[in-house]
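Quick note: the sequence shown, position 308, residue 293 per the working numbering, numbers continuous.
No lab work stands behind these hints: they were computed from the structure. It is possible that some hints are incorrect.
Stated by the list, open to error - What follows is a set of in silico ranges between Cβ atoms, one per label pair, in the way DEER data are often shown: (1) Glu64 / Arg11: 51 to 61 Å; (2) Gly66 / Arg11: 16 to 26 Å; (3) Gln3 / His105: 44 to 54 Å; (4) Arg153 / Ser128: 43 to 53 Å; (5) Thr53 / Glu110: 37 to 47 Å.
In this text, a Cβ means the ideal position worked out from N, Cα and C, and glycines have one as well.
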Amino acid sequence: MVRANGAVSLRELARVVQTSEVTVRRDVRALEAEGLLDRRHGGAVLPGGFTRESGFPQKSHLATAEKTAIADLAANLVEEGEAIVVGAGTTTQELARRLARVPGLTVVTNSLLVAQALAHANRVEVVMTGGTLRGSNYALVGSGAEQSLQGLRVSRAFLSGSGLTAERGLSTTNMLSASVDRALVQAAAEVVVLADHTKLGTDTMFQTVPTDLITRLVTDEPPAHDDRAATELQALADQGVQIAVAGAPGGTAGAGGDGPPSARQRREVPLPGPRRQGPAGLRAAVALGAAAEQGPGQGAERAARVADLRRR
C-alpha cells in the first residue's frame, strides 16, 4: 500500500522479503547504522524523508479513494455566496471539482489545478494569486503570491500538506509552499485542513499551520489496525480541533464533530504469519527503492517507501 510520506512499514517489508517483523526490525537497525535508510515509528524511509517530496504524478495516485471521500465531506462546509481560499494539493483539487456546483462562490487560490477545476463553473468566481510557478505541484509561490494575499479576508481556508501532527500541526516539505500557505491562513477566519489518514502522525520540515490555528480537520477513517493515526486524531481532538471523518456515521468523530475519535479506530486485527528470509532480501528491497529514486519510473517504485502509521 502506497503512503504519503515516503516510508514503508515493517509489516510491508516483512511481506515483501518473506520474513518476520522481528527480523526486519533487526535488519533495519543495521541498515540505518550504514546510512542506507532512516527509521520511523514502526517503519523506515530512505534518507532525507523530512524534505523529500513526490511530484504531482505520484501524489495523484496516492490514497485516491480517501481523497474523494474527504472532498465530498469538505464540500458540505461551503455555503452559497461564500468567499474562501483553497491551497494547492491533490486533495484540494478534488474539493475544487465539487465546489463548481456552489452558486455565487468566490475562490482565491494559488493552485493552477484548483483554478482549472473551476474554470468552467458558471457561477463561481476564481481569483488567482500572482507569483512564480512551481512545476512539481502546479502552484504559484514566492513573494508575488504572498503580497497578492495581503489585505484579503475570507471566511475559510482549505489547505492540505505533507504531514499533520498534534505537536506541530500541518507541515510541508517545501519552504516556498509553506510561506504561501501561511499567507492563506492569515486571510481566513477559519482554517480547514484536508488530510487523509496516511498523513496523520507524519512530520515534515516546514510548519504551515500550528495546531492551535486549525479549526477543523477533514480526514478519512483509518484502518482498524492503524493505532498511530487513531492516536494522532485523539491528540488533535484533545487540543480542540473539530474532526470530521469521511465514512464515519454522521461524518464526524464525536458528538457534533467536536469530540475525540471513537473506539472503532482502535480495533485489532491478527497479523499474518511470518515467513523466513535472510537480511539480504531486505537489503535488496532497500536498494531497489533507492534505485527507483534515480530512474524515470518513480511512481511505481515508490511503493517501497510507504508511510507507516502504527504507533506501538
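These are the hints, each one checked on the structure:
no.	hint	verdict
1	Glu64 / Arg11: 51 to 61 Å	55 Å, holds
2	Gly66 / Arg11: 16 to 26 Å	60 Å, violated
3	Gln3 / His105: 44 to 54 Å	51 Å, holds
4	Arg153 / Ser128: 43 to 53 Å	25 Å, violated
5	Thr53 / Glu110: 37 to 47 Å	25 Å, violated
Hint compliance for this structure: hints 2, 4, 5 are broken, all remaining hints hold.
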